Structure formats: C-alpha cells, structure tokens
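For the protein sequence lines, the chains are H, Z, G and E, in the order given. Under numbering that gives the first Met the number 0, the final residue of the first sequence carries the number 404; numbering is consecutive throughout. Under numbering that gives the first Met the number 0, the final residue of the second sequence carries the number 177; numbering is consecutive throughout. Under numbering that gives the first Met the number 0, the final residue of the third sequence carries the number 550; numbering is consecutive throughout. Under numbering that gives the first Met the number 0, the final residue of the fourth sequence carries the number 268; numbering is consecutive throughout.
Mixed in with the good hints there might be a few duds.
As the list claims (entries may be wrong) - What follows is a set of in silico ranges between Cβ atoms, one per label pair, in the way DEER data are often shown:
(1) G/E26 <-> H/A379: 16 to 26 Å
(2) G/P147 <-> E/P148: 42 to 52 Å
(3) G/P534 <-> Z/A96: 47 to 57 Å
(4) E/L49 <-> G/E26: 53 to 63 Å
(5) G/G514 <-> Z/V90: 24 to 34 Å
(6) G/E57 <-> E/V151: 21 to 31 Å
Don't read these hints as lab results, they were simulated from the structure. This one's a predicted model, so the numbers in the text were calculated from it and none came from an experiment. Glycine included, C-beta positions come from ideal geometry on N, C-alpha and C.
Given next are the chains, with one letter for each unit.
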Amino acid sequence: MEPELAVALPAAGAACATALRPRPRLALGLGALLGAGGLAAVVLSSPGAASDLLGITLSLSAPARSMLIVAALALAFVVVLAPQNAARSSLLRWGLAGLAGMAAIAVAPTLDVSVMVLLALVVLQAAGPGRRPYARRVRAPALAVVLLGLGLLFARMPGPPALERLGAVGLVAGLVAALGALPYMHEFDPEELTATSPIPWIAFVGPVVAVVVLTRARDLLPAAIGAMGAMLIGLGLLNIVWGCVASWRTELGAAAWRYSFISDWGLALCGFGLGLTEGWAGALLILFSILIGRLPLYLWSRQPLRDKIQTDRPINLVVAAALAGSAPFAGFTARILLLRGATALYWPLALVLAATLLLWVPSSLRLGRSLGMPKGRQLAGIMVTLALNVALGLYPQPLLSLAGL
Amino acid sequence: MSEAAAFAAWLGGAILVLADGRRGLAVGLALMAAGLGGVAYAAGEQLTGAALLAGGVVAAALRWRSGPEGWGLMQPGSTPRIVLTVVIGLVALYFAASLASGDGAAVRFAPMACIALAGARLLQGAERGAALTAASGLVLALGAGSVLGSSGSLPAAVVAAVIATGTSALPAAEPHGA
Amino acid sequence: MPPLTLLVPVALPLVGGLLAALLGRYESGLSRAAASAGAWGAAVALVAIWLPVRSTQELSLGQLGFGSPLELRLDTVALVFSLVVVVPAATLLTLQPRTWQESTVAALGVAAAVMAVEAGGVLLTAIAGCTAATLAVIQLEVEDLRAPRPSWAMLLGAWLALAWAGVVLQVHGGTAVYSAVPVSAMTVPVFALIAIAAVFGSGFLPWRGWASRLWARPSLRAAGMAVTTLQPLGLYLLVRAYELGDGRYPQSSLNLVLAAWGVLVAFGAAARAQAATTRREYMAEVLPGLAGFALMSLAVGSALGLVAALILVATSAVIAICLPLLPERGGPPSLLVAAAAAGVPPSLAFGGRLLGLGAAFEAGGAMGLIGLAGVATWLLAAAAAARSVGLPAGHGRPAAETLPRVAAVLGGVAIAAGPALGLAFIAAATAASDVMSTQGLGLGNGVVSVTTVSTLIPVVALLGPLLLVGAVALAFARPVPATARSDARPPLFKLYGTGAAARVMEGVRKAAVPGEYRSLFNPRALETAAAGGTPMLWLASLVALAFAVTR
Amino acid sequence: MSQVLAAIATHAFALLVYPGLPTLALFGLVIESLWSRIAGGSQVVPRPRLARPPIVLVAVALLAVLAAVQVAAPFNPVPPGERNVIIAVVAIGFTAWAELALDPELVAGPGLLLVIQACWVLSVLGPAIEPESLRPQVLGNVLVPGLLPVKVASGLLYLLCLPALLRLWPVSPPTDRRTRPRFNTTRALVWFPYCALFTTLFFPPQGDDLSGLVRFFGLTIGVAAVCLIAATLLALRGAERARGLYTRAVAPYSVLVLALIVVTLILMH
C-alpha cells in the first residue's frame, strides 16, 4: 500500500493547501499532516517490493526512496525554518505537489509513465503565476519530455546499434534538459517566485528524475551504457567548468546561485557516468547535499540578495567552505568517492576531475557572502544545514545504505 | 489500416502545428488521438487504443470550448511550419521504416512523428492554449509509444489519457501576474 | 588504557571550542580559557595515553562510507607530531587575547590537526587535514579580511591531492590504512601526490609562499595558530610515506629531489631574510627556513636524517611559540630568538641541523652535494639573523598580544637545550623506529653522545661545558652599544627576479582580451546565448551529441 | 657516570686550555702582531687592560674555541672519533656574522664576504663528500689518487679565501676612518681555527709526539705565513683589485672546483 500512499497523501496535502489558501494556518497544518503521512509511507515502504493494488504494479527502488526521504526532509526543513517574510503555506503547497509528482515518477511501473508524470509536473508548474508567459516557461522542461520520449522510442526500436545509441542520446539530453543544465538551460528570471522558477527542477525534482531515468536506462539500453556514461561525463565536465566560472563571474547574485547548482550537477553527472558503485555513491552524496544544503541556503539568500547585503562574518565563511566542497562537509567526501571511481575507471579522468574541483572556491566565497547577516530563524536554519552537511560528510554510510549502496 | 492510422496521426500533429485557433487545435488533437489509437488497435492493443482515443477526444472537446477564437489554420507566415511538418514526417518515416528493422513501422512512425510535432509546437513558444494542446498531444504520443515496450501498455495509455484531459482542462488564459 | 581513550585528544579541543562558542557571548576571557583548556587537555591526554603503554595503540570504529574505516592510531610518530601541534597551539591560545569566534575556530582547528595526525589511514588524514586548513583560513579571515592569507584553493588542492593518493592506494592496494598498505602499492605517482600535498599544504616553497606572507599581517594571533597547526602536517605526511614504503620512498631519486627542494626552501627563506628591511620581514622567514632544513633532513632517507628532521620539527614548534609573542623592537628577546632559530651553538637547532647535514654527507654522492649546499645555506641564514639584529621594527602590533619575557625564556631554553640533544635523539629515534629500521643509529651511548656512521658527537661533554663557559662569559661581557642598533642596513645581496616575478604575476592578473578582439569573446553574450533558452542551441547540441556517439 | 664526568673534564680542558682558548689566543697574538707590523699598524700589541670584554669578543672566542677543539692538533684531548668538520666549519663561519650582529663596524663588504665564505665552505666540505666521512683527520689522511685533484684544488681555494675571511684584504668598513690598521683582537682569535683546520684537512695527521706537535704548528704557521704574504700582495694592489680578484677569479674558480667534485663523484661511482 505504501507506494500508492506515498503519491496520494502529498497530493492530497497539496490539494488541501490549495483549497484552504484563504486560511493559511489550517492549510499549513493539514498539508503538513498529509505530507508527514506521505513521508511515513515512503519510509515504511520496502525498496523493490511491488504493490499491485490499483491494477498497476508500483514499486520504489532504494536510491529513489532515499532521494524521496531526503527531499521530504528538505521540504519540511525549508518550511519550518522559512524566512519570516516567506509564505510558508505557499512553500508547502508547491513542495507537496512536487513531492507527489516525484513519488509518482519514482513508483511508476515504466519509464514512459514517469515521463508522462514529469510532463504533468511541467504543465502544472508553468501554469502557476509568473513574470514570463506560459509558453516560454514550459518550453525548456517540455523539451526534456520530448527528448526522453524520443529516447524511449529509439531504445525500443529493433535495428542497428546506432538506434540504441540514439536512444541513449535522447535519455541523457532529456535528463539534462529536465534539470536545466548546460546546454539545455532554462530561462531564469531572478525576480521570479522560486516555486515557478527553474530552481525546483535543478534543486528539488531533478535528483529523483535523474535517479529514476538512469536506473531504468541501465535495463533499457544494456548495449549503450558506455556511450551513455561518456555523454554524462562529457556534459558533467562542461557543466562543472561553466557553472563554476559563471557562478563566480556573473553579475546577478541569484544567477550565481543558479550556476552553482549547475556546477554541482556537473559533478553528479560525472559520478553517474562513471557507472561504478563509488561514482553513484558520490553522485548521490552530491544530490543529498544539494537537497539539504544548497537549496535551503539559496532560499535564505533571496532576501539579502534583494537587499544587496554582503557580509564576511564567520558564518558566511563556514557556509562558503561547505559550498566549496571543503572538508569536513559532504562535498569533500563526495569528491573522494568520485576520484575513487574515476581512478578505478581511467586515471586521467581523475586528474581532470581533481583539477576542476578547485573551481568551486571563488564562487563559493561569493555565495557565502550573499547570505548577509543571518539572524534568528535563518541563523538557526543555516546552523542546522551546516551540521547536517558535516554529519553527511563525516559519516555518509547510513544514507548510502538507505540508497542500497 | 495501421498505415492509414499512422498517416492520420501525423496529419493531426501537423494540424496542431499549423493551427492557432481553438477549433483547429481541437481537430488536430482529436485526429492525432484517433490516429494513435488506431495504430495501437492495429498492433493488437485494443484497450490501449481505446484509452488513447477517449483521452484525446475528451481533451479535444475541452479545447474546442476554450482558447483563441476560430480555426486559425495556416495563417500568413506559416510556410516554415508547413515545411517543418513535412520534414518531421519524412525524418520519422526514415527512422521508423528504413533504419529500424522488423514489422510495425506504423507503430514506430506515429508516436515518433507526433512527439516531434507536439514538441515542435511547444518549442514555438505559442500562446498558452496552443501550448497546453500540444502538451496533451505529446502525452498521448508518449502513451502510444509505450506500445513498443515489452511490458503492458494499458496503464501508460490510461495515465496518458488522464493527463491529456487534465492538461486541456487547465485555463487557456494567462493567470494574473504573468 | 581502553582504545576509546584515543578519541580524547581530539574530543577535548572540540569540546573546548564549543564551550568557547557558548561562553564567549558573555565573556571573551572565559572562551579563551575554555579553548586553551581544551588544547592543554589534549596534550595531557596524549601523554597520559601513551606513557603507560609506550607502544602503538589502535582504535577501529567501522566503515565511514567512503571506503575508509574510522581508525585512530597513536604510535610514537603520532605522539611527537600531535604534541608539536598541540603544545604551541595551547600556549598561544593561553597567552594571546582572542575574540570568542577566533578562540572557537582555533580550538576546532587544533582538534582537526590532532585528528589528522592520529588518523590510521590516508583518507582520514586528508579529511582532517583539509578541515584544519579550512578552519585556519576561516580564522585568518575572521581576524582580518584584508590581511594576507593562504589561497584557499591551494590548500584545498593540496589535501585533495592527498585524498587522491589515498584513493589510488585503495584501488591498487586494497586499503589506505598506513599499517596495511602493501609496499607494491606505494608507487611514484602516489608518492608524488603525497609530496604535493605536503609541499603546498604546509607552504614549503622556495619563493615567498603563504608561510612567509602570513607574518606580514597586522596581528599575529591567527597567523601563529595557522602555522602551528598546518606546518607540521606536511612533514608528518612525508614521515608516513616512509611507513607506506616500508622505510623507503619508491625511488632513491625521489629522496634527492625532495632533499634538493628542502635546501631550496631553506635557501629561499635565507635569501629573503638577508634582504629584509624590517625585523618583522626577517621573522617571516625564520620558520620556512627551519622547515626547509627539516625537509632536507627528512628526505635524506636514512634513520639519522629522519631523527634530525624530527628534532628540527620540535625546535620549530618552540620557535613558532616565540615569534608571535615577540615584540618588533630589538633587545635581548629578539636576539635570543634569532640566535636560537639560526642554530647558534649549542642550541637545539644547531644539533638538529648538524645531524641532518651529517646524514646528507654520510649518504654521499649527490646527497653530499645537497648537504654542502645546506651548510652554505645555514651560514647565509646566520648572516641574515646577524643582520636582523640591527633592523628597524616593522609596522607595529598590539602590545597585548606580545610577551617578550616568555619569548626570551623560550629562546633561551632552545639555546640551552643543546646538551640535551642526546635525549632528543633517543626520543626521535624511538619515533623513527615506527616507520623505518633504526639499527644503524647506535643508541648505546644513551643521552651522553650521539653516534652517527662516521663520527660521534659528545653532546653533554662538549656542549655542556661550552654552555657553562659561554653563560658565564656573556654574563661578564660588555653589552652591545645602543648606537649599533636599529639602523637601516643594505641587503648582503639584491634579490634579482623577485620584482620581475611580481610584475609577471601582476601582468597575468591584469590580463584581458585586447579591445579589438572583445567582440569575438564576450562573456556576457556567451552567458545570454547559453542561458537564453534558444532552441537553435538546443538543436545544435542534440545533433552534436548524436554525431558524437553514432560516428 | 664517572666516564661522563671524565669526558666532561677532558672536553672542558680542551676548550679552556689546549687546543682551546689560551692556545688560539697565543697563536693569534703572535700572528696578528706580525701582521700589524707588516701592515704598518699604529698599534702592534694591545695594551693589557682590566675591563669587561665586549660581547662580540666573547661570542667570537666561544665559537673559535669550539672550532679549535675539532682540529687534529697533536695531544688534542678530544678523541679523534669525536671531532666533526661540520662543527668546525659552522663555528668558524658564525664568527664573521657574530661581528655583523654585535659590532657591524667591524665587517667590510658583507655581501662579498658571504660569497667568499660559500667558496670556503666548498673548499672544506667538498673533499668530504666522496669519503662520506666528517672526521677531519680522516679527510686529511685521504691519499686516494682519484681524490687528490679535488683535495689539491680545494686546498688552493681555501688559501685563496683565507685573506678575505680574515679581512686582511684592503677593503675596510665604511665607518672605519683609520688610515693605519690597529691590532684586531677578534681576528686574533680566529687565526688558529682557520689555519689549523687547513693543516688538519689537507695534510696527513701528525702523531701525538713532540715532532708531530712541531710539524703541526709548523704547518699551521706556514699557512698563516702564506696568508700574510697573500694579504700583503693584496694590500699593495689596493681595494678595487682585491674585490676584482675575488669576484672575477676566486668565485669562478670555486665553480670549477665544484665541477671537479661532481666529475670525481661520477667517475668514482
């Protein structure tokens, strides 16, 4: 029963929160309750076990399950410690809708259904209020769906191996487009609401989509795994370099944060591309740190960015260290795992990877400063984020075990 | 029969690309759904075909009721779109019939052409109603594509039909704040 | 002693740091007390854990999740290096006033450095070392944002290099635990990575690296802590490299290269020191010079060289306490500290350098030539120290953070400790025996004399009377006339190339695309094109990907 | 314990009696007086005065004594196995810089002095590389044909450096306005270590008997005499010529010696 509930309860929570918009407290309470129920359903579900209650076989893989749990915790964390002036009920509404969609993507019986749910999410997110016209907002994520769909078709066509490789191209390009990473970056408006901006794709929904697409692709394209890995590594390196440099040099603070997500995704793509357990473990650690680290920090930086406040207090520097992937934070451990995978696969790749790992520092200092002078709830939130990040960096075994690694 | 259905699906997709009015979009979506359903039916997946047809027809009916006025078919300056539909059709035909091997070229052609056409419509950055209709067409094409899969395609088709309907049910006008 | 006690030396500074953060909001003095108590507690705990057993103790707490177990180990090498880190840090934390933020970060940095030394494997050392480096940078930034500090990227890169070395050991040797790595896994690339980590992580550079630039800061609170926690770690890695290679480096040529690098580091420091325009500039080159000699001695490859390196590391620790406490005006404290660092007989630095150079000459061949360069460098350093006595003070420091008497006493102790060289020799030899065979050292003479292959140094019999006679004679001597002090002195030789290097660096920093080519390379336009959501770019990249995988 | 006390007593005797302080003071007094006379100094022998010695003198004396006990003088109570050439080199080398630190007026051309000191270090320790020994008398005893060229070249370099290291050259400190040199007490203290170290390193060790003692001191005085002659010639040619000699001749020659040492190392291995 759990997989169905994992989708239904957050969806119901989102629906309640939407219906009860005029009464935010009630909406918040009910939404939180249903969301917690959804989280409980995910936690209680046993990975890999199929459920056929609705006539459709639903199951949850271990990596997707771990990602859903962390995403739900990140959402709870963000809602509880939201900045004073942020509408918590709105955050919860969008978050629960996203969570329901992510759960549906994760439990879907086939990749086709996952892609359809992704399209539904795309349509719903673009339907929200925004500064850009609907068609412009829907364009890039829809491209992801188109590419994933074509990839699936090519993967299933009988014929020469080139067709399977084209399938791999479709799936990889579709995934990158769904995330909004280079070369399929989504249009970004710094003044836009976070929920209707490209950030949820790269920082909230993206991790589950990536895990589901890549897990399923391994069974779908057994002969094209090498080509897929090569593409992932190539695009990963491209995103690392572009993301780090742009995050350092770009003019707008919000854009710098967006590029920093892209650079982290570059690392994750490299990890997935390695195809080894260490690579996957490193990539998952990066994604965990995005969910419980970079995303909340980005949300807390929004107001200081608007107020153009930049400070260099100790907390800003510690945050910069965490964002730069320095020890003892999760980024360093993830980098160790990636280096291990790359060394086992092909050591010059490890050399290139090691060289690029230094690009994070200048942009991280800038992003750390952009948090301004955190106080009260924001300060507490940052402290908790850093503590979680340190715990994940020093002892990642529990979460990796949760992900079946 | 399957070839005719595949052609109908392409034609529907082409109309979706060439139309700017709600009637044109609705007819295009309905024709595409019928073609995709027919292809699935011909491939021996009757229920899948029925689900796709039902979803498409309902979604088309919803679109018929809201969106920009009229048919808006092949308005001035739509030559590139015409060329695009033809090119997409030819490329899809090459992949489905020439490069891929085995029977069932129509089952490969129709979803591919429809995904590409609906995707092209979405990338055009047209107004909201057209984009939502294209999204409905896209999800139906994805549902039809699952016929190629080894596992059963009915659940995918049902989900596709539901999402297509829901998408068309969304308001076609931009909300405030846009 | 239960193995869990090995966590205590790490935990105490950690707790001290947290207490400092809690108490500091009310009273900065309390935070200072908490941080220093934590550091002193760690020092006491280390000795208390090691003394009853006097042999290696290990603790394994299972896998951490990145292929490395949480394994701690306290052998004599770890004890020596832990104390070399903790004692100076604790002294400075006790004697120098700090804000609660500085005390907290400093105590955490001490805990990380001790963890790096106590770690049983390369990966854990890398993580703890990188943590210590990060905290050092944060501490320096907290103290003064605009003052010089090490490049964060360089330190991160250094520790990533060590992490990569650990990873290579895991992949090719099955483990990165120091005591379990098969000798065959310790290849030249692995050693190169460890050496890079040591050289850049601890600032062992022939040019004016961060280890020198730190001393140009207006205040020397954070600089002192950064040097005491980071500099010994680099040498520690190179000592452990001997253990990984079963007492030797993968190739003898690596010993030569590293020893030559060490002499270059010492020579660079001495050359800059002799051209210093203020006493502060001279002070900045003292520790890099000593580190260079320690590096050279360590790289000789013999047990004697390793022992000499350990003695020099201990001496550096004493000098590292003195320098931040030293006022910039002249006088006996400056004279004593400069003499102790320059290795005036019969100081401990004299003994350490003597043994290190002796080891180089006894190794013979090219290593002998390096030893020759080492002796010349030592005399250059002595000339620089002599010249520094008459230099004007630097740009001044807060008087509250200087304690000239303590510095003078410690400098005096470092000089008077020469006759105890035998004791230091035995202690260092015991530590060295953890990583290589010390059979050739001849420890039979106890603390009275030090035996090398070709000679025997009667440390007590020769240096003892010399010390006594010297003390008496100096007590009766007429002091230096004040007129000989604090006049600007020309350098013994000009440092050609430094200006050019600075100009080149400035040129690189200011490098820009020439105006007429800007239209070809416009970052803003590039960003707009990439982030603008242009379907043509998407289509082009899709075609490129398809072409790449299907050709 | 008794052995330790005996060793301390022996070394203390060596430091304070022979070949320590009195020996080097007497030797220095004689040679320095001779030099004062040759150079037409205003004061040949210093007037004995009861006064606290300047700190620079004490420092130089301590260093000189430490160096003196390392030489292979007959009847030296310090056992041959306990002598170390590096201690001697460093102790003598420090004397010049002790003066720079404590009485800068005494030091002329410290930069050039540094270069010459480096050449001198090469001449002392260069021959020690191949034998891989630091015992001074072992180095003096090296008569292997393959090593003789290095030994001879190094000996010549040592002698060339000596006048400058002892500051017998006509280069005077900028602050020294005296037209005629006076008795230099600090220099008097380093005559013996410099000259005796040469005898130790470049001549076979002498036996612990009277003839050995005579031969050793004879050779040491001979070295001092060569040094005085060289210094006199330098004085005749003037400061600029002296500078030129050391910068244009001695330094390049030391590079040749270094090359010879490297070649010898390659050939011997």
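To see whether the hints hold, each was checked on the structure:
1. G/E26 <-> H/A379: 16 to 26 Å: 23 Å, holds
2. G/P147 <-> E/P148: 42 to 52 Å: At roughly 50 Å between Cβ atoms, E/P148 and G/P147 fall inside 42 to 52 Å, so the hint holds.
3. G/P534 <-> Z/A96: 47 to 57 Å: 27 Å, violated
4. E/L49 <-> G/E26: 53 to 63 Å: 59 Å, holds
5. G/G514 <-> Z/V90: 24 to 34 Å: Once the Cβ atoms are compared, 45 Å apart, the range 24 to 34 Å for Z/V90 and G/G514 is violated.
6. G/E57 <-> E/V151: 21 to 31 Å: Hint violated: Cβ distance 58 Å, outside 21 to 31 Å.
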